[in-house]
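2 protein chains.
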Amino acid sequence: MSLAAGIDVGGTKCLGVVIDEHGTVVREVRKPTPTADRLVETLASIVRELGDHASIGLGVPGLISRDGIIRSSPNMITAIEFPVREQLSQALRKPVWCDNDATCAALAEWQRGAGVGSRDMWMVTLGTGIGGGLVSGGALQHGAHGHAGEVGHMVVQANGDECPCGQRGCWERYASGAGLSQLAGGIAGEEVIARVRGGDVASGEVLDEYSEWVALGLANIANMSDPDTIVIGGGVMQNADILLPRIQERFATMLYAPNHRVHPVLKAAQLGERAGAIGAALLHLHD
Amino acid sequence: MSLAAGIDVGGTKCLGVVIDEHGTVVREVRKPTPTADRLVETLASIVRELGDHASIGLGVPGLISRDGIIRSSPNMITAIEFPVREQLSQALRKPVWCDNDATCAALAEWQRGAGVGSRDMWMVTLGTGIGGGLVSGGALQHGAHGHAGEVGHMVVQANGDECPCGQRGCWERYASGAGLSQLAGGIAGEEVIARVRGGDVASGEVLDEYSEWVALGLANIANMSDPDTIVIGGGVMQNADILLPRIQERFATMLYAPNHRVHPVLKAAQLGERAGAIGAALLHLHD
Numbered sequence: 078m079s080l081a082a083g084i085d086v087g088g089t090k091c092l093g094v095v096i097d098e099h100g101t102v103v104r105e106v107r108k109p110t111p112t113a114d115r116l117v118e119t120l121a122s123i124v125r126e127l128g129d130h131a132s133i134g135l136g137v138p139g140l141i142s143r144d145g146i147i148r149s150s151p152n153m154i155t156a157i158e159f160p161v162r163e164q165l166s167q168a169l170r171k172p173v174w175c176d177n178d179a180t181c182a183a184l185a186e187w188q189r190g191a192g193v194g195s196r197d198m199w200m201v202t203l204g205t206g207i208g209g210g211l212v213s214g215g216a217l218q219h220g221a222h223g224h225a226g227e228v229g230h231m232v233v234q235a236n237g238d239e240c241p242c243g244q245r246g247c248w249e250r251y252a253s254g255a256g257l258s259q260l261a262g263g264i265a266g267e268e269v270i271a272r273v274r275g276g277d278v279a280s281g282e283v284l285d286e287y288s289e290w291v292a293l294g295l296a297n298i299a300n301m302s303d304p305d306t307i308v309i310g311g312g313v314m315q316n317a318d319i320l321l322p323r324i325q326e327r328f329a330t331m332l333y334a335p336n337h338r339v340h341p342v343l344k345a346a347q348l349g350e351r352a353g354a355i356g357a358a359l360l361h362l363h364d
Numbered sequence: 078m079s080l081a082a083g084i085d086v087g088g089t090k091c092l093g094v095v096i097d098e099h100g101t102v103v104r105e106v107r108k109p110t111p112t113a114d115r116l117v118e119t120l121a122s123i124v125r126e127l128g129d130h131a132s133i134g135l136g137v138p139g140l141i142s143r144d145g146i147i148r149s150s151p152n153m154i155t156a157i158e159f160p161v162r163e164q165l166s167q168a169l170r171k172p173v174w175c176d177n178d179a180t181c182a183a184l185a186e187w188q189r190g191a192g193v194g195s196r197d198m199w200m201v202t203l204g205t206g207i208g209g210g211l212v213s214g215g216a217l218q219h220g221a222h223g224h225a226g227e228v229g230h231m232v233v234q235a236n237g238d239e240c241p242c243g244q245r246g247c248w249e250r251y252a253s254g255a256g257l258s259q260l261a262g263g264i265a266g267e268e269v270i271a272r273v274r275g276g277d278v279a280s281g282e283v284l285d286e287y288s289e290w291v292a293l294g295l296a297n298i299a300n301m302s303d304p305d306t307i308v309i310g311g312g313v314m315q316n317a318d319i320l321l322p323r324i325q326e327r328f329a330t331m332l333y334a335p336n337h338r339v340h341p342v343l344k345a346a347q348l349g350e351r352a353g354a355i356g357a358a359l360l361h362l363h364d
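Chains as they are written, first to last, in our numbering: chain A, 78 to 364; chain B, 78 to 364.
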């Protein structure tokens, strides 16, 4: 039996999994994400606790170069220019695969989740920010320098709201989980959706506006790369039953020449919080 | 000697070329673009006038499905749902390859122009509108339904200027050749640039604003797909000497995390008005 290990390095926790040849998670280890100086030590201990496996992959937030150097990571400021792949590989005396966490999640959903069978797929994760990964022409895309999929910083409102990245009007200002809360005047996204379920009209209007922002970015993605499938994940999509139909309705009218083409299918992600770790474990097959 | 024919079906003219194995144009035929009912007849006569060749490709504006049906074309309203590939193939009793004109232009620049050697490339054409085509992971991308690259209709200003496509704030409203004229209050783009060359300060400010719109869309593209190269073509780029440095300067600051990554190289297109026809002739190698 061929087992593969993957670790998703998150802002607060590192989630390690071992998957079997069907992609099923057979073991799992969680540890708090340490500061950069102790990152390799923590990752190595997770790898050891995960037990037997034939390969190791890492999913890391931010800009990760193809040789596994963390170039810039919003949640690990101290990790800039940190060669995590090489250092972990030396510590373990084994090869390590490494990619952006959202690219890993896209790989997992493509191989084992909502995107199975797709040849041209995007996955977007609506979390605190918006992450993205893509498959084009049947192949996982890394981009020339490993940074493909940074769709959260697509500007959709020139001179719009300030983004911590330094630009204005980035899509994630409006369409992330945090964006929903902002549109609601600071009420948590979960609470907005609870109120919509309770029949609150004003909250329904906020959710409509939010859905329009999500759809606008998805239409941009679809116009640019014409995927057959767009998988949508992240915390807010735990309410896909109420959110996806709203997004779908707007997306269908915002696509270029909507009456003259086959539309991409919008799907809710299936793998939840483990997507990044499962995808990291699959990286060795899709370098 | 293996010769390949390609025809770029434009809004006003059809440009047919025959290229040799080096991509050099050895013969050329031009005819006015007819109405849709006479399109196949005109294309067949161009193919005959082009003389000997081993394959035939077509570049067509608008949404062309993978089986060569014109689904929607801004300049050929009457050609909607027109199976141009099949009909021309039957008329000539030969296989015909077919793709979007901007995708053809991208293929030509990638194989024989400014993008040679790239593995992840975008080409954008700043004309009356904005067309686009892309190469990802070393392969020309068609998208799931043949519509990849419609980057002109990426919304960059939610609730912005009306676009004939029905949306608001599409990139081509601001960053196409026509967009430059609009920013200049109706003065032709050529004239704006002539005035900048003459030292006119107000025209220089208009060109700066235009360059910012172009750079904004290019940064969106780069954030999403991380190309090594972006090739910029279209009429306004005949003034690349004055325009490209302005675009470059802004692009360098608008990219996500600009200080922590390798930037894509921005290049002026090299093949001019023949790019679409040359790319059409190359389609049979990149289906």
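Source of the hints: derived by calculation from the structure; they are not laboratory data. Only a predicted model underlies this, so the values are computations on that prediction, with no experimental measurement involved. Wrong hints could be hidden among the right ones.
[Unchecked claim] Short, incomplete list of chain A residues facing chain B, as computed with Cβ under 7 Å: (1) V106; (2) V117; (3) G214; (4) E227; (5) V228.
[What the hints assert, rightly or not] Computed footprint of chain B on chain A; a stretch qualifies when at least three of its residues, placed anywhere within it, have a C-beta under 8 Å from a C-beta of chain B: (6) 235 to 244; (7) 293 to 305.
[As the list claims (entries may be wrong)] Covered by chain B, according to a simulated footprint, are these stretches of chain A (three or more residues, beta-carbon under 8 Å): (8) 267 to 278; (9) 322 to 334; (10) 354 to 364.
Ideal Cβ placement from N, Cα and C applies to all residues, glycine included.
Starting from the hint list further up, note which numbers the structure goes against and sort them upward.
-> Per hint list: 1, 2, 8 and 10 violated.
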